[in-house]
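Trainee: Below are the chains, spelled out letter by letter.
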Amino acid sequence: MDPRRKTPHVPGPSLWPVGFAIGVAVALLGLVVRWQIIALGIVISLVFGILWIRDAAGRRGITETVEVESEYGPGHPGPTIPPPSTREKYPRSVFLELSTLGVGGVIGGLVTLPALGFMIGPAFLKQGVKDHDLGPVENFPQDSFVVATYMSDPAQGEVSRRTAFVRYNGLLGSQPSFTIISNHCVHLGCPVQPNGPVYDKQSKTFGDVTLIPAKPSGFGCPCHGGQYDSEGNRVAGPPVRALDRYSFSIRNGHLFVGAPYSVAKVEGVGSAAKIHKSAYSYPGEQADGVESWLYPIQPPN
Amino acid sequence: MSNQRSKYEHLMYPVDWLEERSGLVGGIKYFLFRKVPGDVNWFQTLGAATLTAFLVQATTGVMLAMYYKPDAKSAYPSIEHITNDLFAGWLVRGMHRWGASVFIILMFMHMGRVFLFGAYKYPRELTWIVGVILVALGLAEGFTGYLLPWDQTAYWATTVGININGTAPFLGPFIAQFLQGGEFINADTLSRFYAIHMLLLPAMIAGLIGLHLYLVIRLGVTSPPWSKEAAGGSNDSEPGADEETHG
Ligand code: HEM
Ligand code: FES
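Those protein sequence lines, which keep their order, are chains X and B.
The C-terminal residue of the first sequence carries number 301 in the numbering used here, and the numbering is unbroken.
The C-terminal residue of the second sequence carries number 1247 in the numbering used here, and the numbering is unbroken.
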């Protein structure tokens, strides 16, 4: 660009707003990750915000003459600038313009930010499921499956009903071992079904829990034909990992299902199985290998 | 014309009153009687057809909202009530349900005609871009509406749809969780989809249709690609342009 050209030019786009936006984005990310990241985001957006305002003000001739001269490079005399006394450095109209925009922005932000937070926040905060009582351990015969359904949050009603395939594997050392497989297909989330007889007539119901004995040789999904073996490993179809499992605990002789986790694959069977665990993820997301890098952070659960 | 005008002049008083205060009548006339190329094609009515489909959806949707109950316990019973008990409920629900597909199909046909006519080229790129956003919002409208009957098809189709969003790299899980309004589909998911379906998206679509039409009127519509008329000239400045216009 010829520095001596006479026509006033439109200022080129500034990069400060981009930095400011990144700061806001980091702060929002912090909301779901941890508060230090919120602070970092606020600092980034403040720094870039100030630079942005300084820059915008400079372009409007608010700042000192020196800034204007610097555009012409050191040593260059530049155009004749009227002596500072006659030049209005900070015209009132510019001040009013900026303060109207500023006040408008603050008012807009005060209204918009809480509303946006209310829209987005509840989906990510206070997540997590409570342990749920599936009744006495004796309900689960060794080495055979029971289809257990229960409401993970009875206050929400039927919409919170979950289904898990529970198998008692006998004792591992002195501790009882359970395999609790989620019925949530890891292709796209349809309900997988036991491949084999389900003994509805022998079902037991108490509270919001129903237990139905079954003899599956594996599990199959009605939606796109995903097939899994009895450890939940994928054997055919579009799913990308093994079926999710639930953690469990035993209190006063009762089996409690806890939080779900994802499984890349299972080696071996029953209590001797080696489970390749990973963070609980959405269906369709690989739990190991290069593709799993596509999903580096999972939302809180 | 002038005879009629004097005979029925009193009929025009309200219109004149409105025109004098708002200029709206002139505006509407400008919109309806604006000049278009002499050889426009039937395919160029597809945009207006899409607009009509949208208006049908908006109207029938408001009516359905008077009887539909967006919570997990009563959504499906309220749909049954609309379909089986209420006068003309089956009709209005049917219009909204089939109309949804008609709207999407018309949108794509209109898009196809714009593409095949090359009507997206300078200076109409922005019209095209607004159109692309309209397609996205229209599909989102279909997706959020599909959950509302809260039957097995609705529930599992939505599960699958949300999880497809979840497989997008990096942000996918967050998008899925935002759509669900939590870790799982829960009691709030239905009302969330309802609010997006009936308030958020229609408002955005209506606003963008306004912008789209503003651009169409401002830039004028294109002639078909096989047109013999000279390209580039504005009809207003061409002598004899008036004879060629329809309206
Ligand atoms: C809600 C959906 C839409 C409505 C209501 C709508 C409405 C209209 C109308 C009434 C016209 C006047 C000309 C004609 O009818 O062909 C038009 C033109 C146009 N539309 Fe759309 N449209 C929609 C979606 C789209 C989409 C999805 C695209 C493409 C991505 C698009 C791109 C265009 C373009 C480029 C023009 C200018 C064509 C020309 O000047 O010949 N529109 N639209
Ligand atoms: S959802 Fe199970 S195979 Fe697609």
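No wet-lab data here; the hints were simulated from the structure.
One should not assume that every hint holds.
Calculated lysine to aspartate or glutamate pairs in the EDC-like style (CA-CA distance at most 16 Å, straight line) [claimed, not checked]: (1) B:K1073 to X:E158; (2) B:K1029 to B:D1016; (3) X:K126 to B:E1125.
Trainee: Hint by hint, say whether it matches the structure.
Mentor: Status of each hint after checking the structure:
1. Annotation: proposed proximity of B:K1073 to X:E158 holds, straight-line Cα distance about 8 Å (limit 16 Å).
2. For the hint pairing B:K1029 with B:D1016, the CA-to-CA distance comes to about 13 Å; that is within 16 Å, so the pair holds.
3. With a C-alpha separation of about 45 Å, the suggested pairing of X:K126 with B:E1125 is violated against the 16 Å cut-off.
Checked against the numbered hints above, the structure breaks only hint 3 and satisfies the rest.
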